[in-house]
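Novice: Mind docking chain B on chain A? Use the hints.
Residue-level listing of the chains:
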Amino acid sequence: MPTANCPRCSTSVPATALSGGCPACMLQMALDFAPAGPAPERSPPAEFRPEIPGLEMLEVIGRGGMGVVYKARHIGLDRFVAVKFLSPERAADPAFAERFAREARTQAKLNHPHIVTIHDVGEAAGSVYILMEYVEGASLRDMLLAGRITPEVALNLVPQLCDAIQYAHDRGVVHRDIKPENVLITRDGGAKIADFGLAKSDSDAFKLTGLGERMGTAGYMAPEQWADSAKVDHRADIYSLGVLIYEMLTGDLPGLQCKPPSAKAGTSLGLDRVVARSLCEEPGERYQQAAEIKTDIQRLASLRQRQRVLVGIACALLIAILVVLLVIAVWPTKRPPGNAQGDPPPVPPTRTPIPSEILTSPNWEWTQPENLGPGVNTEHRDQSPCISADGLVLLLASDRPDGHGDMDLWECRRANADQAFGNLVNLGPTVNGPDPDTDPCLSGDGLTLVFVSKRGGQNHWDIWWSRRKTTAEPWAESENLGVDVNSDSHEFRPWLSHDGLRLTFNSLRPPREGVWVSRRATSGDAFGVATPFCRNHDRLALGGVSFSADGRVVLCHRFDSKFPGNLMWIGRIDNPSEPFKNLISFGPVVNADAIDTVPVASTDGRTVYFQSDRPGGHGGSDIWQTRRVPRP
Amino acid sequence: MTPTDTSGASESPPTRFATTAWSVVLRAADQDAGVRRPALAELCRSYWYPLYAFARKRGVPAADVEDLVQGFFTHLIEGDALRYADHRRGRFRGFIVAAFQQFQARRHEYESAAKRSPPGHLVPIDVVAGEARYSKELAAPGHPDRSFEYAWAVTVLQRALDRLRVEYEAEGRLDRFEALRGFVTGVNVLEYAALAPLLGGSAGAARVAAHRFRQRYAALVREEVGATLDDGESVEVEIGELLAAVRLGPSS
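Heads up: the protein sequence lines correspond to chains A and B, in order. Numbers given in my numbering equal positions in the first sequence, counted from 1, plus 171. Numbers given in my numbering equal positions in the second sequence, counted from 1, plus 48.
Same shape as in the complex, but just chain A (with noise of 0.2 Å):
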């Protein structure tokens, strides 16, 4: 249903709030109409004039939130320097000063033609100061304002900013705040990038916050920087590059217009595809190297030339698949066993690679998860999925109405592993009750049963857990594991080891939810006093925490801001005290934009499976697997 448009800006304009009024002119009213008085970072002292020794203080040449830029004269060069004096009020707050400092330490680092260059930071007058290169000149925003930015002058600018750019992002060094007032043009049209990762306020305001994220200038600011997320890199600032060069092109800022530069100011389509790419929303999508800007841009001025380059590159081309063609054809065709065809075997080709390498290799790589069907999987809620370890049954949780309960424990089989799971059967009222039911783990050797449930009128889950004689019996009375393991607040996902001596799990205790591990000496015992499972264990917001049978890898899913869409994680354990320091994403073929939880992967390392209410699926959460393939 399409929205009205402001008259005056064109933002959208929503249909029942706001009495009709514009969202963007409101806010840029209240902006406009701040109360009366500075704010205290806005105006510093007017008459501070610092000292610093071998330098002669000339005049004020500009002012920011942070702080002051001053000419002044180095007496032993006998040349002009910028000297950036970071305002009394931030140098009072070290931590503040000290990040000042490292910054222009990460900008010292950078030696580059169209980079204002650092000469020195330092202490003087109680504050921490700057000292670099005097630019002659004006900044972009001046130019813009005094219409001397023709695209002209803007397509000759703008090889030198990528040139830049791309310097620094080799460095590592990403700027964050591209826009015009961050560009100065010198007196030979020369452009140079400053404040490049430093600090620095105005009305368009930017500020560090305590745990040194920052943000840059609204209309700049690549769709990323605003959601606040960490998942900006180098990307964001090609998207910055965008918007200027939109800017340079046409006057005014990209935004709701989607009007190309071509339309405003007449330039060539190319151009206007350029921009178009470096204004993509997702960062994949756009330039991913400012260098490539540059290389569109100097294409697109020598395009003639550039299309009789592109026939003789077609026929080379040609060539070239002819050529390939005949070998292909005329290859032979015999490859070593079991590895890889044609590529250098990644080990001897005798040694089977054991499960958890498969599991973590980056030689083998997951295949597009499979629903694993209607035999195993309802119209309602399937979820916790657990292999046993001769991969031949499937342990789950279900709600589907035929149990004994809320949500039950199911297992289905099958005879061997090429074919499919058979249909779910109840593990029976021993293990089930009225109460829910969930997340079973079974132990190596078939034996021994966990899970949690609600039994008992309880508000909270406990582990839970039975155990058998032989596979062939059925379970015996379930019991709860008792106050050793559960507390008063839930526990979640227990997870046997292979030998059935270690139990891991999910706890919500006081003061933070953790994970937890509580040992036995033998199958006979009763598992002892649940401790912390290692350092930091509550400081990582897992969840579903499994491991292979070998004990080498372990799995979970974990929600982090960085990478939103990515929950299941994978991770080898080089050091059982840092088991989760390795912790890699399933990675795009795997995580759908949907909830993927509860990675268990089979005794094998060749399939994964996991609970997803991705779409493909029969209703509510289902069970579905990945499979570990060798890299082509």
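One or more of the hints may lead you astray.
If you want the ones that stay clear, here's a sample from chain A, every Cβ over 10 Å from chain B, calculated [unchecked claim]: (1) S183; (2) S190; (3) Q199; (4) G247; (5) F251; (6) A262; (7) G361; (8) S433; (9) K435; (10) A491; (11) W646; (12) A720.
Quick list of the computed label-pair ranges, beta carbon to beta carbon [as the list claims (entries may be wrong)]: (13) A/G653 - B/D115: 30 to 38 Å; (14) A/R710 - B/D115: 29 to 37 Å; (15) B/D112 - A/R691: 49 to 57 Å; (16) B/D115 - A/N534: 38 to 46 Å; (17) A/D423 - B/E126: 45 to 53 Å.
Heads up, incomplete: computed chain B residues facing chain A, CB under 10 Å, no partners named [as the list claims (entries may be wrong)]: (18) D223; (19) R224; (20) V232; (21) Y265; (22) I287; (23) G288; (24) P298.
For the record, the hints were derived by calculation from the structure and aren't laboratory data. Cβ atoms here follow ideal geometry from the backbone N, Cα and C, with glycine treated the same way.
Specialist: Quick look at chain B alone, frame taken from chain A:
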């Protein structure tokens, strides 16, 4: 179609407004649940709609979203789940959406199979109105973050407008509010000369009244925004970010 009046915008004007809520929540010690919970409940009561829009945009069907959002608020407030959320708490706006996603991811661990709603919701959600609003404004395909931020900004502005209205109403000058409202919304703005009789004086007095009206509104917007920030965070920054977000539109 003229949009509905402020008081018809999905909820009746709240009588109590949280002006220091988020920093209170963050400052309260672990054991000060009695302080933290009401403040958090107040914030959730104010900003449930952007979260609703976010959930719907992420594909949660209308039939399930009330349960999900209520469950989340219960988990957040009753379950004192501040401890379990993403450790970068930051502003309330960022926190609530991150905590909500985390809740959604771990939901199977937190909810019971039997869907029993707790008696007396901590956070009243008018789902019917919320869904009506959502389908009118935000149902076009787009990114959930965009819808969330757009709805958030609109909620801030609407709350400030409601507060301003309540102030004028308390003085028995609702007709003044109606006449001056255009200076804030930009809709049906009257000429100062036309306003003069209503505002009991000259065009000059009308101009002053309009100016004061805008200033008061701006102050209320800043208070609303400030309530969602931690101490020392800049209201200007937050408003600037909301402005940038709003310009991109609700569903782009």
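Novice: Hints first: check each against the structure and report whether it holds.
Specialist: Verification of the supplied hints:
Interface exclusion of A/S183 from chain B breaks down, the closest Cβ pair being 4 Å apart, not more than 10 Å. Its closest Cβ contact with chain B, about 5 Å, brings A/S190 to no more than 10 Å, contrary to its assignment away from the interface. A Cβ of chain B approaches the Cβ of A/Q199 within 10 Å, the least distance being about 6 Å, so the stated non-interface status is violated. For A/G247, the condition that its CB be more than 10 Å from all CB atoms of chain B holds, with the nearest at approximately 40 Å.
For A/F251, the requirement that its beta carbon stay farther than 10 Å from each beta carbon of chain B is met, with the minimum near 33 Å. Non-interface call for A/A262 relative to chain B: holds, since the shortest CB-CB distance, roughly 16 Å, exceeds 10 Å. Chain B leaves A/G361 outside its interface by the beta-carbon criterion, the shortest separation being 30 Å against a cut-off of 10 Å. Every CB of chain B lies more than 10 Å from the CB of A/S433, the least distance being 21 Å, so the non-interface label holds.
Non-interface call for A/K435 relative to chain B: holds, since the shortest CB-CB distance, roughly 17 Å, exceeds 10 Å. Interface exclusion of A/A491 from chain B stands, the closest Cβ pair being 41 Å apart, more than 10 Å. No Cβ of chain B approaches the Cβ of A/W646 within 10 Å, the least distance being about 20 Å, so the stated non-interface status holds. No beta-carbon of chain B comes within 10 Å of the beta-carbon of A/A720; the shortest separation is about 24 Å.
Distance hint check for A/G653 and B/D115: the Cβ-Cβ separation is about 34 Å, which falls inside the suggested range of 30 to 38 Å. At about 30 Å, the beta-carbon gap between A/R710 and B/D115 stays in the expected band of 29 to 37 Å. Checked against the hint of 49 to 57 Å, the C-beta distance between B/D112 and A/R691 comes to roughly 41 Å, which is inconsistent with it. For B/D115 paired with A/N534, a C-beta distance near 44 Å keeps the hint of 38 to 46 Å intact.
A/D423 and B/E126 have their C-beta atoms about 50 Å apart, which keeps the hinted 45 to 53 Å range intact. Taking 10 Å as the C-beta contact cut-off toward chain A, the hint placing B/D223 at the interface is violated, the least distance being around 15 Å. At its closest, the beta carbon of B/R224 sits 15 Å from a beta carbon of chain A; the interface hint therefore is violated under the 10 Å criterion. The restraint placing B/V232 at the interface with chain A holds, with a minimum CB-CB distance near 6 Å, inside the 10 Å limit.
Residue-level restraint check for B/Y265 holds (minimum Cβ-Cβ distance to chain A is 7 Å; threshold 10 Å). Given the 10 Å rule on beta carbons, the hint for B/I287 holds: about 6 Å separates it from the nearest Cβ of chain A. Checking B/G288 against chain A by beta carbon gives a least distance of about 4 Å; that is within 10 Å, so the hint holds. For B/P298, the suggested interface contact is upheld, since its CB lies about 5 Å from the closest CB of chain A, less than 10 Å.
Of the numbered hints stated above, those contradicted by the structure are hints 1, 2, 3, 15, 18 and 19, listed in ascending order.
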